[in-house]
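I would like the entire structure built from these sequences, with the hints used as guidance.
Now for the letters of each chain:
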Amino acid sequence: MTLSSLLVTVGSTLFPALTNTILSPPLLAKLSSLGIKQLIVQYGRADLPPDLGIGVDSKGSGIKYIDGMVVQVMRFSEKFEELVKKSDAVISHAGSGSILTTLRRNPPIPLLVVPNETLMDNHQAELADEMSKQGYLMVSRVEELEEKLSTFLEDKRTEAMKPFPEMDGTRFRGIVDEMMGFA
Amino acid sequence: MNSRICSTKMSDRKINEGMYRNRGRDNNVTGIGLRYTRTASYKRGTVKVEETRGKSLRHHSSLDPTSDDARARRVRKGRVADQMVSFFLLIGALVVLLPLALLLRIYTILPSGQEKTTNAPKRKPSSKCSIAIFLGSGGHTSEMQTLLSTLDFERYTPRTYIYCHGDEMSLRAIAKLESDKGTSTKPETYNLLPLPRARKVGQSPLSTVFSAFQTVVVATYRLFLLPLFRHPSRPFADLLVINGPGTCVVLVLVSWIRRILALPHTRVIYIESFARVRSLSLSAKLVRPFVDRFIVQWPEAGGVGPASSKVEYRGWLV
Chain A
1 MTLSSLLVTV GSTLFPALTN TILSPPLLAK LSSLGIKQLI VQYGRADLPP
51 DLGIGVDSKG SGIKYIDGMV VQVMRFSEKF EELVKKSDAV ISHAGSGSIL
101 TTLRRNPPIP LLVVPNETLM DNHQAELADE MSKQGYLMVS RVEELEEKLS
151 TFLEDKRTEA MKPFPEMDGT RFRGIVDEMM GFA
Chain B
1 MNSRICSTKM SDRKINEGMY RNRGRDNNVT GIGLRYTRTA SYKRGTVKVE
51 ETRGKSLRHH SSLDPTSDDA RARRVRKGRV ADQMVSFFLL IGALVVLLPL
101 ALLLRIYTIL PSGQEKTTNA PKRKPSSKCS IAIFLGSGGH TSEMQTLLST
151 LDFERYTPRT YIYCHGDEMS LRAIAKLESD KGTSTKPETY NLLPLPRARK
201 VGQSPLSTVF SAFQTVVVAT YRLFLLPLFR HPSRPFADLL VINGPGTCVV
251 LVLVSWIRRI LALPHTRVIY IESFARVRSL SLSAKLVRPF VDRFIVQWPE
301 AGGVGPASSK VEYRGWLV
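So the sequence lines, in the order shown, correspond to chains A and B. Numbering of the first sequence is given in full-length UniProt numbering, commencing with residue 1 and proceeding in unit increments. Numbering of the second sequence is given in full-length UniProt numbering, commencing with residue 1 and proceeding in unit increments.
Simulated from the structure, these hints should not be mistaken for laboratory data. Honestly, I wouldn't trust all of these hints.
[What the hints assert, rightly or not] Pairwise CB distance ranges, derived in the manner of DEER restraints:
1) A/D168 / B/R278: 17 to 27 Å
2) A/R105 / B/F229: 14 to 24 Å
3) A/K85 / B/P232: 47 to 57 Å
4) A/R141 / B/A307: 49 to 59 Å
5) A/K85 / B/Q203: 30 to 40 Å
Source: prediction; values computed, not measured. Glycine included, each C-beta is placed from N, C-alpha and C at the ideal position.
Below you can see the structure in the form of structure tokens.
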């Protein structure tokens, strides 16, 4: 199964280094050559690169056919889970929400995390590194993105990922019940 | 009264005469009486004054009268100075002792984390426990939403959702939680409590002081004073669940008023974000000594040292 639908997300953050790189002509050409047919870029608080040529509406959404791909851009998404559900692979900033939502998708899909290195308190990079060490996802710096894409989007990627455990709902409930004298 | 009724039957002249006479007599009597008493008291007063003056003059006649005045002034001044010193000593003692006593009180009741379960009163499985939840927007809200979804809402009721003004995302999260739990048909089991935000992202330290103060005032009123008037024996919630950011520090502060006063108080649990792998967030560090339970989701997040003894790791909770 080839991965044909790719979602790039930065949540509610400002991360133009990632969104501009993905939407640059060489990267778009690369994605197209790797078999991507549909690309969705949720670009958050950044501006789109001016030479991209995608007209956007008042909400910042637009769509264009580039290099044989349907490229769809949107500023924010209230239905992030649905977007993840429609995708075959996700490239995300290192926000824990995006990471958890993607890893908990059923069936699982590959996740490439690009930490924002311009953040002052970069604890997010620690999360991405640790999760990558444990084999749940891949990490890339913005500069390495082009070379890492080939590995990330290869056919066997899904099998290479370690499945992320389901949430254990008894843990938090147990702690609270015990604390309040129910257990 | 009587004389007036009678006088109505007399002719005008007679009435006038009678009234004049009456008035005249009254005036005379009272006039004399007044003059007499006044003179007497005046005279008595004068005599007294003269006597005391005479005495004091005679007594100190051998000394310089001006030095006597100065001494009296000095004595008076000394007395005022003494009073001021004792006043400031008292204020100083209060300023030093009150905070010391407060600190001592706080120190003795700091939750150590050792008595995790031992001091929790046992509850019947069927009993209810009121809960307050702080939704801190963004990632904090989505993690809290996940955590809360695992709780038994029949048991943890009523629920008070505390969030910051204008936080649409948290409102959506509350609506989703309550509808998923099938409790939306019973709106009386939960209520909403919006607060002014203590600190916005990137806000300067000085303006943070002002906005945080505003949050403290509103939170104190809504979470301490109002509940105190309604049910003095009950805190605003039995349990407060927090996971950051800044505004949750204010909630812990307010929950501590009842604790310091030795009234039945809210127990507090802090859950550090799944995103914190090797370090704690600022709000986590601030509230750590004051919460009853402090949970992290990565084994190394709590660090090392004495303060870390309180930190609990129970695996991923989200």
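**Study point:** In rising order, the numbers of the hints this structure does not comply with
**Key:** The structure conflicts with hints 2, 4, although it agrees with all the remaining ones.
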